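K.L.:
So you can see what is in the structure, the chains are spelled out below.
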Amino acid sequence: MGKNILLEHGSGGIISLNLIKEMFIKYFDNPVLNKQTDSALLSTESDLISFTTDSYVVDPLFFPGGNIGKLAVCGTVNDLAVSGAIPKFISVSFILEEGFSFEELELIVSSIADEAKKSEVMIVTGDTKVVNRGKCDKLFINTSGIGILNKKYKHISTCDNIIPGDKIIINGTIGDHGMAVMAARDFAGFKTDIKTDCASLNFLIRDVLDANCNVKFIRDATRGGIATILCELTEKMNIGIEIEESAVPVREAVRGMCELLGFDPFYVANEGKVIMITSAEDAERVVEVMRQNEYGADCSVIGEITGNHIGKTILRTTIGGRRIIEMLSGEQLPRIC
Amino acid sequence: MQYIDEYSDRKFAGLIIDRISSLTSKEVSLMEVCGGHTWAIQKYGIPSLLPSNIRLLSGPGCPVCVTSKKYIDKAIAYSRLSNVIITTYGDLIRVPGSSSTLNEEKSKGADIRIIYSILDALQIARKHPEKRIIFLGIGFETTAPASAAGIVNASEEKLTNFFLFSSHKIMPPAMAALIEEGITIDGYIAPGHVSTITGSHIYDDIPAKYGVGCVISGFEPLDILQSIYLLVKQIKENNFRVEIQYRRAVKPEGNIKAQEIMKEVFTLRDDWWRGLGVLENSGLMINEKYCEFDAEKILQVNVEDLIEEKGCICGDILKGLKTPSQCGLFKRQCTPANPIGACMVSNEGACNAFYRFNR
Chain A
3 MGKNILLEHG
13 SGGIISLNLI
23 KEMFIKYFDN
33 PVLNKQTDSA
43 LLSTESDLIS
53 FTTDSYVVDP
63 LFFPGGNIGK
73 LAVCGTVNDL
83 AVSGAIPKFI
93 SVSFILEEGF
103 SFEELELIVS
113 SIADEAKKSE
123 VMIVTGDTKV
133 VNRGKCDKLF
143 INTSGIGILN
153 KKYKHISTCD
163 NIIPGDKIII
173 NGTIGDHGMA
183 VMAARDFAGF
193 KTDIKTDCAS
203 LNFLIRDVLD
213 ANCNVKFIRD
223 ATRGGIATIL
233 CELTEKMNIG
243 IEIEESAVPV
253 REAVRGMCEL
263 LGFDPFYVAN
273 EGKVIMITSA
283 EDAERVVEVM
293 RQNEYGADCS
303 VIGEITGNHI
313 GKTILRTTIG
323 GRRIIEMLSG
333 EQLPRIC
Chain B
130 MQYIDEYSDR
140 KFAGLIIDRI
150 SSLTSKEVSL
160 MEVCGGHTWA
170 IQKYGIPSLL
180 PSNIRLLSGP
190 GCPVCVTSKK
200 YIDKAIAYSR
210 LSNVIITTYG
220 DLIRVPGSSS
230 TLNEEKSKGA
240 DIRIIYSILD
250 ALQIARKHPE
260 KRIIFLGIGF
270 ETTAPASAAG
280 IVNASEEKLT
290 NFFLFSSHKI
300 MPPAMAALIE
310 EGITIDGYIA
320 PGHVSTITGS
330 HIYDDIPAKY
340 GVGCVISGFE
350 PLDILQSIYL
360 LVKQIKENNF
370 RVEIQYRRAV
380 KPEGNIKAQE
390 IMKEVFTLRD
400 DWWRGLGVLE
410 NSGLMINEKY
420 CEFDAEKILQ
430 VNVEDLIEEK
440 GCICGDILKG
450 LKTPSQCGLF
460 KRQCTPANPI
470 GACMVSNEGA
480 CNAFYRFNR
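Protein chains in written order, with my numbering: chain A, 3 to 339; chain B, 130 to 488.
This is chain A alone, in the form it adopts within the complex (with noise of 0.2 angstroms):
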């Protein structure tokens, strides 16, 4: 297949056959995508389905515990399973650069099938695009989703039944992927240990639903980080938040990483992170649950919501003081999904 992408790989000839055939039915194989069909035919058992779509530019493409492949899988994955779906279906499309290598095309497309095979999610359709060198960077991947959902979820996607006294818990460490990738950039020298927490979730979410826990609301926190959902719910739902600063996950690396370069990692990127708001009475049931899932080791209660002050989200810090979380303006750091 020679060493680098052509132009001609996304000509629709020969080359562009071949190119799905050898790489893409290769490693997404199922009888839905071998099928070559203009449209994927999809059954699904529910007349409700969720459907979404997000497109990855990550730079470097490759960094500490995944790449953009992986990340765009589990995304989208994560983007289904918030709103209670159960994900299904995925579409995948490359955008890649003129002379782009071969060798790392493979080893994103085969983590795209290891996750699609991991989150039990079928790849059905899909498509290849080249653009001449320099008019775009590497490789861009567009991913859409379909999950089918049971009507008794519907108001988690609309969060429509949070009250004063609901518990607000996350599954997890914040600010992992926004550092891993900041570190990956090799920049001013940095070495850490950082890691990606890029997952996907749906089955941790999934356990937790299935356990009947009362859960009002699920987002993941992707760009700009727990502080943006936070500020975007309190905003819109007039309520009000207050989160306790030490009751939030942070790795001691991350936390230092942000100390010294200046972000604040209620900021800062995940893609393995999701923020549930439930009943307080169930709220220790959750966790137990999700501690039960490796995806949620290191889950907490981090705060409630409030009648007070309404459409603000007040942060105890460590040391008892109170301070506002606001919305992120500008961009904290670029290209992180």
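Some hints could be false.
Unchecked claim - Here are the computed lysine to aspartate or glutamate pairs in the DMTMM-like style, where the Cα-Cα straight-line distance is at most 20 angstroms:
id	chain 1	residue 1	chain 2	residue 2
1	A	Lys-154	A	Asp-212
2	B	Lys-256	A	Asp-188
3	B	Lys-235	A	Asp-139
4	B	Lys-460	A	Glu-328
Source of the hints: derived by calculation from the structure; they are not laboratory data.
Please read these numbers as outputs of a predicted model, since none were measured by experiment.
Starting from the known structure of chain A, fit chain B onto it as the hints suggest.
P.N.:
Using the frame of chain A, we list chain B on its own:
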């Protein structure tokens, strides 16, 4: 990294606050003149913990905030020259000049790169001998030695395409000027990072001449609370002096090597500070010996004199005369996403910190 936890212990914080409360019930105004302190004070919610008679003011400690629009305009003019790469610390690219920002110029195609160290700028200069690399040198005694070291490196390597556009300033003239302007300052929380370089003696004049104490503080919450305690204690005992709270980093004599390299490269000049105007011998310019690396000497650009934004009270805020919420533009036209005054740009700016943590 363990020290982070110990220095934010809630129980100790409570004990120090109790002691501060028991020392005095008189009104006390303390000013910090370091952006890192501005940020930390708001981040840890320290004002919400202090007794109401202790007032904390933010002074001109954020380098981005005190830099003139003219400097930004000139940097923009440099970025429009052909074969130029501008290298800068991140915050500066969002500071409004009179008609544009470096960020806007970047989107229009100017080659402007955010770096974390002047060493990265030197690396770019080595890699691109066909380009002229201009490093925007801003900051106080903390960043000035690094810029000086960069120039010495460039000189030893005989790089001919590397230039520094210096807006470096030194802190003591501003601290004196604030008192001389008649602003009520009962004590200075003196900058920690600056003092690691300069040592503590640069502040000796402040208690001697003005009867205002200085405590050099660290950046963790207990550091700041202890510094406030020490200042209030000086006031109570009427015994004003320079004290070092941040002993794990600051020595009285400072970092001699860093001081020497600053002396090797820079010479003092009068410089303009937002809010304070021109202060005698408060800026650092490249001396004759290294003038071939001075962007202002080698690369000519014309920049018009300009009118500062009407309604923006950054100047008064930097002097501690007003708080951000007293500005008519604050939160309305001026937000971190759309900064009008420089104090809203950097994390360390008083308006930015106030907006983010304390609305």
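K.L.:
All the hints need checking, so say for each whether the structure fits it.
P.N.:
Hint check results:
1. A:Lys-154 x A:Asp-212: It holds: about 12 angstroms lies between the C-alpha atoms, which stays within 20 angstroms.
2. B:Lys-256 x A:Asp-188: Satisfied, since the Cα-Cα distance of roughly 17 angstroms is no more than 20 angstroms.
3. B:Lys-235 x A:Asp-139: It holds: about 18 angstroms lies between the C-alpha atoms, which stays within 20 angstroms.
4. B:Lys-460 x A:Glu-328: Given that 20 angstroms is the threshold and the Cα spacing comes to 12 angstroms, the pair holds.
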